[in-house]
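There are 6 protein chains.
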Amino acid sequence: MTRQDGRAFDELRPIKITPDFVKFAEGSCLIQCGNTMVLCCASVEDRVPPHVPEGTGWVTAEYSMLPRANRERSKRDIAKLKLSPRSAEIQRLVGRSLRAAVDLAKLGEHTITIDCDVLQGDGGTRTASVTGGFVALALACRKLVEEGVLASNPIRHFVTGVSAGIVGETLMLDLQYSEDSRAQVDLNCVMNELGEIIELQGTGEGRAFTPQEQQELVRLCAKGNRELLKLQREILKR
Amino acid sequence: MTRQDGRAFDELRPIKITPDFVKFAEGSCLIQCGNTMVLCCASVEDRVPPHVPEGTGWVTAEYSMLPRANRERSKRDIAKLKLSPRSAEIQRLVGRSLRAAVDLAKLGEHTITIDCDVLQGDGGTRTASVTGGFVALALACRKLVEEGVLASNPIRHFVTGVSAGIVGETLMLDLQYSEDSRAQVDLNCVMNELGEIIELQGTGEGRAFTPQEQQELVRLCAKGNRELLKLQREILKR
Amino acid sequence: MTRQDGRAFDELRPIKITPDFVKFAEGSCLIQCGNTMVLCCASVEDRVPPHVPEGTGWVTAEYSMLPRANRERSKRDIAKLKLSPRSAEIQRLVGRSLRAAVDLAKLGEHTITIDCDVLQGDGGTRTASVTGGFVALALACRKLVEEGVLASNPIRHFVTGVSAGIVGETLMLDLQYSEDSRAQVDLNCVMNELGEIIELQGTGEGRAFTPQEQQELVRLCAKGNRELLKLQREILKR
Amino acid sequence: MTRQDGRAFDELRPIKITPDFVKFAEGSCLIQCGNTMVLCCASVEDRVPPHVPEGTGWVTAEYSMLPRANRERSKRDIAKLKLSPRSAEIQRLVGRSLRAAVDLAKLGEHTITIDCDVLQGDGGTRTASVTGGFVALALACRKLVEEGVLASNPIRHFVTGVSAGIVGETLMLDLQYSEDSRAQVDLNCVMNELGEIIELQGTGEGRAFTPQEQQELVRLCAKGNRELLKLQREILKR
Amino acid sequence: MTRQDGRAFDELRPIKITPDFVKFAEGSCLIQCGNTMVLCCASVEDRVPPHVPEGTGWVTAEYSMLPRANRERSKRDIAKLKLSPRSAEIQRLVGRSLRAAVDLAKLGEHTITIDCDVLQGDGGTRTASVTGGFVALALACRKLVEEGVLASNPIRHFVTGVSAGIVGETLMLDLQYSEDSRAQVDLNCVMNELGEIIELQGTGEGRAFTPQEQQELVRLCAKGNRELLKLQREILKR
Amino acid sequence: MTRQDGRAFDELRPIKITPDFVKFAEGSCLIQCGNTMVLCCASVEDRVPPHVPEGTGWVTAEYSMLPRANRERSKRDIAKLKLSPRSAEIQRLVGRSLRAAVDLAKLGEHTITIDCDVLQGDGGTRTASVTGGFVALALACRKLVEEGVLASNPIRHFVTGVSAGIVGETLMLDLQYSEDSRAQVDLNCVMNELGEIIELQGTGEGRAFTPQEQQELVRLCAKGNRELLKLQREILKR
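Chains as they are written, first to last, in the working numbering: chain A, 613 to 850; chain B, 613 to 850; chain C, 613 to 850; chain D, 613 to 850; chain E, 613 to 850; chain F, 613 to 850.
Extracted from the complex, chain A is given alone in its bound form (with noise of 0.2 Å):
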């Protein structure tokens, strides 16, 4: 069994990050993983949610897909008048894995809000959001520190996030769709730059799944989020 693309199993869908897709967010980048596309932006607040404590700052994040993101049209959330439960988990994964990304302290009242609007879904795009996410993350807080609102930079670690699966009986690294469609098992793993596990989703769809397997669906990820952080640090360093 070889993949439909001809990727190795270990290997990334071609991934490109364009920086400063559009102007007027503090931070924004189009993150491309194949034919997934995701628009993520990052918006800066002066003030933050009451639960959040005196001083600090938040970062949180939001996750929707466009009507024709998919091979087929879905209606909009406004017209069935409820967030989708899937995008409402998404954006839940989302937020958690940028805000460990922030030291709230040092970003003192601020909210940071990263929009994540996805023009094409071809699998991968919560983790695609995380990955593209934390660039329009980074751009927004260089640019609170070079207009001097903050002191220093409140980045805290690099945060990238990629899936693996089981499709057949075969682990794979970044399942496209044609491939997460089908797999028996599909795991997302957020990291930081040591490759510590910051977000562990998995799911035995098809079928359950030993603690061995599970170890190995997260080293194949680590493999891949060391790739995404290679590229995250080269668009970061211009």
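Please note that a few of the clues may not be correct.
A pair counts as met if it fits within one copy or between any two copies, since identical chains are not told apart.
With a cut-off of at most 25 Å between alpha-carbon atoms, the simulated DSS-like pairs for lysine-lysine come out as follows [to be verified]:
no. : residue 1 : residue 2
1   : 849       : 628
2   : 687       : 755
3   : 687       : 635
4   : 842       : 755
5   : 755       : 628
By construction, these hints were calculated from the structure, which means they are not laboratory data.
Add chains B, C, D, E and F to chain A, keeping to what the hints say.
Just chains B, C, D, E and F now, with coordinates in the frame of chain A:
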């Protein structure tokens, strides 16, 4: 008084239309008018809403701004649980304009929905949605013919839209946001390839305007629409 | 071709405006244009929305149809949990039209909301809402002056609205529903007492129309608006 | 203690019922009880909700206040995205009351919806909705017979409603708002033409009340209902 | 005719009240009336809604059915995006009933919310909510006194609720679902410890009823309420 | 460092499962894990959602907290008109976990909905919902077999869930709220009776964690899940 970006008073902003910006929609393009960027996607479905006479088709549009399309982030519709009234107004205009372009009998029992999502808004998003939306619509219709779903192309005529306004006491074509926000009068005009009017909306935000001024604004729009039509023809020739 | 109700092509339906139809609102009237009946109520509040500059006031409108205003019963907005997009479009038009009638600086930090509730709809409800809404607004402003809340009347000019259209190939003033529903072209025009345009909306529902046709429709509307203005003056003289 | 408007304690406010106030509904009237004004419209549809047994019909009601029906403007339900709980309570009462008036088997598979829209509210709007709603319902049923849709009139008996209360320590019939707002006890009573009770709702807002007081309030209501019944008969005789 | 469960016509179902069923609420109980089970929780907050006069408190109630409380599963309110109109009606009744039990001036600027969640519904849930809700309310008030938040207990009198009805032509106390669903007449009666009425709601679902029948139903309810009062006293003595 | 309630680090809280806590649902139980109490009800319907392949069944879950389940009262979802995003996330997890327990082909065209309503929340409500939800599901499946609706039991394997975390620097099983709220790392693990993983969610709220730590947390969960499995077997043996 000269324009901020050095344009002549009857000059359009630089326009760029990228067809097939996303690949799952039956037709799509990214239209850029200066800093304004709208992603237009046409989706075809094999059924029509109940109010449509048997045997004929339907064309409709949806319009939305991404939360950080503008200088300040705005909440998503779903967070407020209501479609922005401005979006409601605009998508009705876009829908009527594009519906007028199609012979609904020839379209047969299909619905084409044009999603216009503003990635960046710098004035003129509703008319850019009409102009770009027509390209997406035409690409989708061509595909329906190529795939043998339709016997002949149901497009009756091209459709373009542009705005003009009175800023200070000067009449100008294609207002960008910095002009639009202080315009006395604002007029949007959608036309077909014969220079006939399909939709006309004029508002005296700062002062009332005379029928003579109104005619001159329509004449300015006619000039802009001719140039947009030329660009559409080039794009669709390929 | 003659009109169903025997009117001349440039003749308004019989108009009746009953001021103070209800007594709690600061200003109110029932406007009847043929079978169309709209209850217009002006309510004054001592605060303004956040976007309004300090020291100035605001005028806004809401528009709604009672469920059995039409030939068929329609569900209430609340049953569908969404403001009818048509109502959203119309109340923005009515709000802009009536706001243009008022010197917002003279109004001071007050909001006047004009509620236009259609008791019976037989075509022309949006322009009847403008014409009747102006009467309610003017009565409310007069009351604010009489009660010493305002030093001088903030009304800048009268505002009236009427529609014209092309039915068959005939241009007609003030379309009733049976005409409107088969009109090729429909144009609404809101004017001040000088015959200047405040709002203009033209739609080629059945076919596109030339700029010349558009001018003639505006001229028809100007005639109708002059007659509506005369009636407003009589009502408000009392 | 005398009543503000000089009425006797067992005296109704002046009542006026204008049948056919609007013309598209199958039945309609405007009912005025003092300053309270409710527009009641009956709409007939050729289908019934799923819970209704085959071959039988349904009668239901909707109740709403226009935003400026009262001394202060209130937001529309749709602006708050929820049906006012008070309206929900009232329309269930009106629906049960009017349903009881109809032989649902004779009505056949039709639904009659009675829309009660309060144009002005000065106390007693729910019972005015019952009394006026019955007139609209009876007019619609008559029309169904006249048009041959129904073989015989499905009205089983007349239905009227009125309130009584204890203000200070005085029992009074038909409270207007100024009385209602300071009543100790408030009781609404819907009766048929035999003086039998269809709906009864009593509330000790200011203090609890004895069963003896409750009986006297019902007796007061019975007097008022007899007078309302007489007026309904006159209106419907025409 | 005898009752399905062998009860006498004026006999309550077995009642059990478990105080402090949950431990975080300031007061709580589980009330069981036959198969009907309602969890009642009283929550105290240090602020009052805007409409409450300065220095006084507020008591309110919310009522809801769990989706599988009944013989058939029903959708959650949030899935339909609307509060069930029946719940709206009931929670207004429960709120008025319990508010009447409290001296709001003595309560000071606190709001007590009584949540009544029906775990199982077999008839009489609204009156069980009143009876159980009072126990939760009284426990919360006692706690406020014990903790020194209030100087004296604001409870003015006990409150209980029970239903009676006419099934066939027999008057019965405390209808269970199998009786309620075929009752001709249904009456709910909330009383204080003196046997005075606080809330009364009677509905002639199957037929109208005479004032004499109504009195007898109130007398039946008075008997039931006396027994419920006795149980409340025992529970609260501890 | 010892645990507040004196438990060993790898020790579960006292667990109690009361089957058939309510009687109308096809299967139900009340599960108590320390102070956490969740009512789980399984409802069977004879139809499946549109996305389910013909001839197969569906299992889904809903999760909600009663307003006073926690130390502070929270508003109901319906008052905010949105499903809590946390509930959305959790019910998707519970649904996937329980769906994995069932052979959907054997279930045939039935939907089983597991409602998990938290009566009291003291940490671990999502995993208690899985463990208790499985009992409700298994009871419902048994009933379907006993009643002859299904030929054989569609349960494929048992499912249990438990959490573990790192508090301070100590790994602990089954966090209660006081531990959970200050945990550095939190991991939920759903397993089958073979100790294979069905769902895994780990979050580094306070700090990132190594793959080694992650493995140890899974091992702790495996121990807890074995004990929960034993309890489920006893309950279901009866």
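Hints versus structure:
1. When the C-alpha separation of residue 849 and residue 628 is checked against a cutoff of 25 Å, the pair qualifies only within one copy, where the shortest distance is 15 Å, while the shortest distance between copies is 30 Å.
2. Taking CA atoms no more than 25 Å apart as the test, residue 687 paired with residue 755 passes between copies only; the shortest distance there is 23 Å, against 36 Å inside one copy.
3. Taking CA atoms no more than 25 Å apart as the test, residue 687 paired with residue 635 passes between copies only; the shortest distance there is 18 Å, against 28 Å inside one copy.
4. Only within a single protomer do residue 842 and residue 755 lie at most 25 Å apart by alpha-carbon distance; the minimum there is 22 Å, versus 41 Å between protomers.
5. For the identical chains of this complex, residue 755 and residue 628 are intra-copy neighbours only, at 22 Å inside a copy versus 29 Å across copies, given an alpha-carbon limit of 25 Å.
No hint from the list above goes unmet by this structure.
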